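Given next are the chains, with one letter for each unit.
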Amino acid sequence: MMDAQDDLVNLYRSLFLIRRVEERIAEIYHTDKIKSPVHLSIGQESVSVGVCAAMRPDDIAFGTYRGHALYLAKGGDLNAMISELYGKAAGCARGKAGSMHLVDMAVGMMPTSAIVATTIPQAVGYAMALKMRGSNQMVAVFFGDGSTEEGVFSESLNFAALKKLPILFVCENNLYAIYSSMKARWPADNLCDRVASYGIPAARIADGDLDAIRTAASAAVTAIRRGNGPQFLECMTYRWHDHVGPGEDLHIGYRTAEELAAWKAKDQVALTGARLAPDVRARVEQAVEDAIDAAFAFAEQDLFPDVAELHDHVFHQ
Amino acid sequence: MMDAQDDLVNLYRSLFLIRRVEERIAEIYHTDKIKSPVHLSIGQESVSVGVCAAMRPDDIAFGTYRGHALYLAKGGDLNAMISELYGKAAGCARGKAGSMHLVDMAVGMMPTSAIVATTIPQAVGYAMALKMRGSNQMVAVFFGDGSTEEGVFSESLNFAALKKLPILFVCENNLYAIYSSMKARWPADNLCDRVASYGIPAARIADGDLDAIRTAASAAVTAIRRGNGPQFLECMTYRWHDHVGPGEDLHIGYRTAEELAAWKAKDQVALTGARLAPDVRARVEQAVEDAIDAAFAFAEQDLFPDVAELHDHVFHQ
Amino acid sequence: MSSISENREITYAEALHEATVQEMERDSGVFVFGLGVDDPKGMYGSTRDLHTMFSPDRNFDTPLSEDAMTGVAIGAAMAGMRPIHVHQRMDFLLLCMNQLVNCAAKASYVTAGAVAMPIVVRGIIGRSWGQGAQHSQAVHSMFMHVPGLKVVAPTTPHDAKGCMIAAIRDNNPVIFMEHRMLYQLRGFVPTEAYEVPFGKARVLRKGRDVTIVGISHPILDCLRAANSLDAVGISAEVIDPVSLAPLDIDTIADSVSKTGSLLVVDTSWTNCGASAEIVAQIAERFAGDRAVRLRRLGYAPTSCPTTKPLENAFYPDAASIAQAAFGLLHKGEEWRPLATEAKEITEFRGPF
Amino acid sequence: MSSISENREITYAEALHEATVQEMERDSGVFVFGLGVDDPKGMYGSTRDLHTMFSPDRNFDTPLSEDAMTGVAIGAAMAGMRPIHVHQRMDFLLLCMNQLVNCAAKASYVTAGAVAMPIVVRGIIGRSWGQGAQHSQAVHSMFMHVPGLKVVAPTTPHDAKGCMIAAIRDNNPVIFMEHRMLYQLRGFVPTEAYEVPFGKARVLRKGRDVTIVGISHPILDCLRAANSLDAVGISAEVIDPVSLAPLDIDTIADSVSKTGSLLVVDTSWTNCGASAEIVAQIAERFAGDRAVRLRRLGYAPTSCPTTKPLENAFYPDAASIAQAAFGLLHKGEEWRPLATEAKEITEFRGPF
Ligand SMILES: Cc1ncc(C[n+]2csc(CCOP(=O)(O)OP(=O)(O)O)c2C)c(N)n1
Ligand SMILES: Cc1ncc(C[n+]2csc(CCOP(=O)(O)OP(=O)(O)O)c2C)c(N)n1
Ligand SMILES: [Mg+2]
Ligand SMILES: [Mg+2]
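Protein chains in written order, with the numbering used here: chain A, 15 to 331; chain B, 15 to 331; chain C, 215 to 566; chain D, 215 to 566.
The reader is advised that the hints may include incorrect statements.
Covered stretches of chain D (chain C as the covering partner; in silico rule of three or more C-beta atoms under 8 Å from a C-beta of chain C) [said to hold, decoys possible]: (1) 228 to 239; (2) 282 to 294; (3) 488 to 496.
Coverage of chain C stretches by chain D, computed from C-beta distances (three or more under 8 Å per stretch; other residues unrestricted) [said to hold, decoys possible]: (4) 348 to 356; (5) 507 to 517.
Here are the simulated DSS-like cross-link-like pairs (lysine-lysine), alpha carbons at most 27 Å apart as the crow flies [as the list claims (entries may be wrong)]: (6) Lys472(D) with Lys414(D); (7) Lys278(A) with Lys255(D); (8) Lys49(B) with Lys255(C); (9) Lys145(B) with Lys197(B); (10) Lys255(C) with Lys47(B); (11) Lys545(C) with Lys420(C); (12) Lys47(B) with Lys522(C); (13) Lys47(A) with Lys522(D).
Just so you know, the hints here were simulated from the structure itself, not pulled from any lab data.
Every value quoted in this text rests on a predicted model; they were computed, and no experiment measured them.
Even glycine gets a Cβ: it sits at the ideal position worked out from N, Cα and C.
Could you put the whole structure together from the sequences, leaning on the hints where they help?
Next up, the structure:
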């Protein structure tokens, strides 16, 4: 068993890594070195980190285009990620896929998708395969509040519950789908009730709290491994930056400064960091900064794929 | 206000008409005069009849390929229906569409569809148009239990509830989708709970009882006209014949003779007929038989459309 | 292939069944699912009893959720399984386009090959009679349009078995097109497992004057048409492409360089259809060198009507194929071959 | 059209906005909906402030439910409304195929004209840079395949306005294809309402030696290519089909009968694409009479990569178009026109 301090260090390393990687992306975005859209998770880190901390390394994660946090929390290769954003050949998809399709099969991070809700049934299919094989691995699938409006979400819940599959559904509810608030999309704010009607235990964690998310996820994962079928978590959270791209977006007017400030006050990166002894924290942060520097340097010097690669991988051999 | 006796006569006429039309279809099907699939509602008549009795003639109905009952209950033209099944030119679609796409715009019977669940969002769209125009008409949409598994069903409920649209959702739950029982498709038999989670009042009528269906539908229609938004009814019912075609199907083995017998014992056509004075009943039945004879004779002598018509109506002028 | 096996005749549906059984025995990752696959009718027999021969989780019914079930197939494939997803009507694939086109087709590419996508999607073309507008469509050209998807349309029991085995073993999504009017067709089928490689067309009949390519069920009418063309002195070469993506254009081009004329008959509309692609490729290839005569035939440019007289006019048949081939060679001249309905159509009985 | 109005220059996005406003004023049944249509960006300005100019129920945001929302459009149309359903990416239309192909396209036919289906479906092609495999597709050929659907792809502000008005007034489903790189294009647009009739192509540039047809945004590169072809003595005629279904093949055929050569450049894959259809129709028409030179150009047969060097190779551009035209006329010879990136691409800045 890991001691509590090590555990906290690991959690903070993961949170801080995600935060700083995305801040660096935002900083350099104006240079156009990343010629592809980026959807930042700044503000939402605790969901991926909390849930992944409850999973085993050999468990499987599915996510979305807003996938940097999950990719890193699941242990995805940092250099491969930054090179991918740069469109370089050492990228996790040799530069062919960009930020919206991160993948690292070695750590169970499945390819993300730019089409909302598409990975939800895929995660269910993966979980079905695990069950067919008698594996005791499990699958977690992360998706936004907007995803739950797509019919395929309901179809997926129904099938996963019917077959009692080993899957944890994680809704990262950041209150908005692009600039559209929940009120414009949901008749009632009771997603968990709806999910529960499929016989899937469902709980909301209201404030993004890392420990609460991890605790709930751990309980869910335990139940899943016992063969009890799917579980559902609705993690309330908040995106600080614009829906896409590096910018802030209060000027657009679809949300208030107060709302943003209230969530910033609950920043899990800062709060978790504050729980560490200052010297420990400093060491963790320095190591992370070094890794990030190295990753960006790696991507800078990496080469673009050869034009002939355009035709590779259309079909799998 | 219509007196109770007249009312019962009307209900029975409608039930008996549907039953006998479909029995006639089953009788002649082997002749191959109807060269197109038919999905009979025998056993399920009370749902369409009960709900339509609660609606106004200018209200709108959407249904499915299992649409004979609804078409007739809504007042659709019998001759046009039989000619359509025969593929003749006086058919409601000039013989081009067959049993699965019945339509009679004059009585608010919208075109049915052979693709499961497709008319559900269409009905929602029609209801939205009514609301936009400030009309006090309403829409009822009929669909099978299998339809509720399609994602578009959930999407439609969500949107109808969000916009508080004047629509009554009617699930004709006949326990099966083709030969697949509910158990193979639903993790729990609690559809109404799920629907209620959208804020849509939902009730199940367990036994196909005509009066119960009509009473529930009347209450729902009243609430809808008050502007309270959508309502939902799950009407349990039973299909006596095979999923498609004229035959019985117990030999296939997917359901039991007991189950069928239990539902036949609740036959709403017989039970309703028994509530009428024998002479009244005989008169109603004779009139229906005459109308059916006339319709089949009409279809027999009707001509096939000219081959040149193949190219008509691809585009609307 | 042993001589014993070559003497055995089975139906197209039996050939599909046998292929599936053999692959399920070989590889425990192969499973079959879709609406009704485990019902007593077993998809015209092609999936019959697989759930008892193997286990109920290797041949199972699903809720009506085509979109999610396609995603389930994709996810299972990512986990190393080899799912076969069966659709009673190809029209229902229109519910699966997002997963198939946006996800399955791109899985290998956007992961630079880290992810394989071995899924087979069986789409049955609902034609018989009276199926109407929504139960008769063949949308193979929509899939042919998209890189990353393979599309096959075998027409003989032999190719049905071999293509199914090849499709199951393929690491890419394969859309497997089956025409209902072929299920009862009988032919020689080896008992052992074998693959029919994709991208290899078959010359079913040799001829000098015109090349006729038939896709799926129409190939039967093309052969019938070829016989009636003989009567007017036209010798037709008939080619079955078998696989549409990849497409063996070389075999077709070789034939056309001999005959100078090409008629492509599809079981769908011509506009942006498979027939457009074949004609366009041939036209590009001979571009400027030789004035080859080219013509397409397919569904009438309308929805499919149910009433028999219009339905007959909607579909190409042996007579209209023969006539089109004749017209290609004898511009302006008229010839009306005897129209007889194909026996598999005439013999069809409802309800569905 | 008045001379005043003809002197006014506005952008493509403004032209769409103006068309929509004018039709919304004319007919209270016209409304606009889709993800984000009432947000401050207003679909590149094309729907900006319509909810305040009219009312919030005539320009509204929706849940993420493309399939149901398409059904909603269809149902509203059945009730006599004229919905305009906007999609930020044409890729999302793959979620709408069932309703569009199985229902909307067939509504008139299966009711023998009792039901009209006046819906406009706006699909924005996401290209700029780095959009990748799932945000760059143009699936117009899938719709062209299906009788009952109309498909238009205007490229000038003038045609954008006129086609939008015609689409709204049309009693049939119209797929309205818009390429993001066109929104800022400026051009003369009359102030009054007018229709650009479907099925009429435009000859944008006269030429003698080769006909180049460009679909959507590529038309700009076709015009650039025509200029560089001048330098090597090749006179190119450039045609914008404007509407793809119906397609004005006569105008293209007239041009080809003059030039003897046709290059079709599409903003999608060639396989079973719009370019296949145009080439096939021309090939059939000249069949046997004349050996015309035919060639297609479109996306590379791969998914769309994000990294710039591969993305540049994925799309046709002025240089590759000029080169293809040159190759059509001078078989075997090599010529490498100067490659310069189109200004609307070079000037593009992210994030999206
Ligand atoms: C099927 C589909 N529809 C629309 C879009 C455009 N889109 C991209 S992200 C997004 C919002 C999704 O919101 P949510 O699921 O809450 O995730 P978030 O971005 O908030 O993390 C939309 C509408 C898309 N990518 N896919
Ligand atoms: C989208 C779609 N999937 C599958 C089918 C094939 N199919 C036709 S009817 C049917 C069963 C539908 O069951 P239910 O909704 O309960 O209606 P019922 O037939 O029992 O009235 C199925 C699977 C179809 N027509 N459409
Ligand atoms: Mg969100
Ligand atoms: Mg049912």
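- Query: Quick check: the stretch 282 to 294 of chain D, covered by chain C? Criterion 3+ residues, Cβ under 8 Å.
  - Reply: violated (count 0)
- Task: Assess, step by step, whether the Cα of Lys47(B) is no farther than 27 Å from the Cα of Lys522(C), and give holds or violated.
- Result: The hint holds at about 10 Å.
- Taking 27 Å as the top limit, are the C-alpha atoms of Lys472(D) and Lys414(D) close enough? 19 Å, holds
- 8 Å C-beta criterion, at least three residues: is the stretch 507 to 517 of chain C covered by chain D: holds (count 7)
- Query: Are the Cα positions of Lys145(B) and Lys197(B) separated by 27 Å at most?
  - Reply: 38 Å, violated
- Is Lys255(C) close enough to Lys47(B), meaning Cα to Cα at most 27 Å? 25 Å, holds
- Item | Verdict on chain C covering the stretch 228 to 239 of chain D, where coverage means 3 or more residues with a C-beta closer than 8 Å | violated (count 0)
- Message: If you count the residues of the stretch 348 to 356 of chain C with a beta-carbon closer than 8 Å to a beta-carbon of chain D, do you get 3 or more?
- Response: holds (count 5)
- Could you grab the alpha-carbon distance between Lys49(B) and Lys255(C) and see if it respects the 27 Å cut-off? The hint holds at about 21 Å.
- Within 27 Å, alpha carbon to alpha carbon, are Lys278(A) and Lys255(D)? 26 Å, holds
- Verdict on chain C covering the stretch 488 to 496 of chain D, where coverage means 3 or more residues with a C-beta closer than 8 Å: holds (count 7)
- Can the restraint linking Lys545(C) and Lys420(C) be considered satisfied, given a maximum Cα separation of 27 Å? Holds. Lys545(C) to Lys420(C) sits at ~23 Å (cutoff 27 Å).
In this structure, the earlier hints numbered 1, 2, 9 are contradicted, and the remaining ones agree with it.
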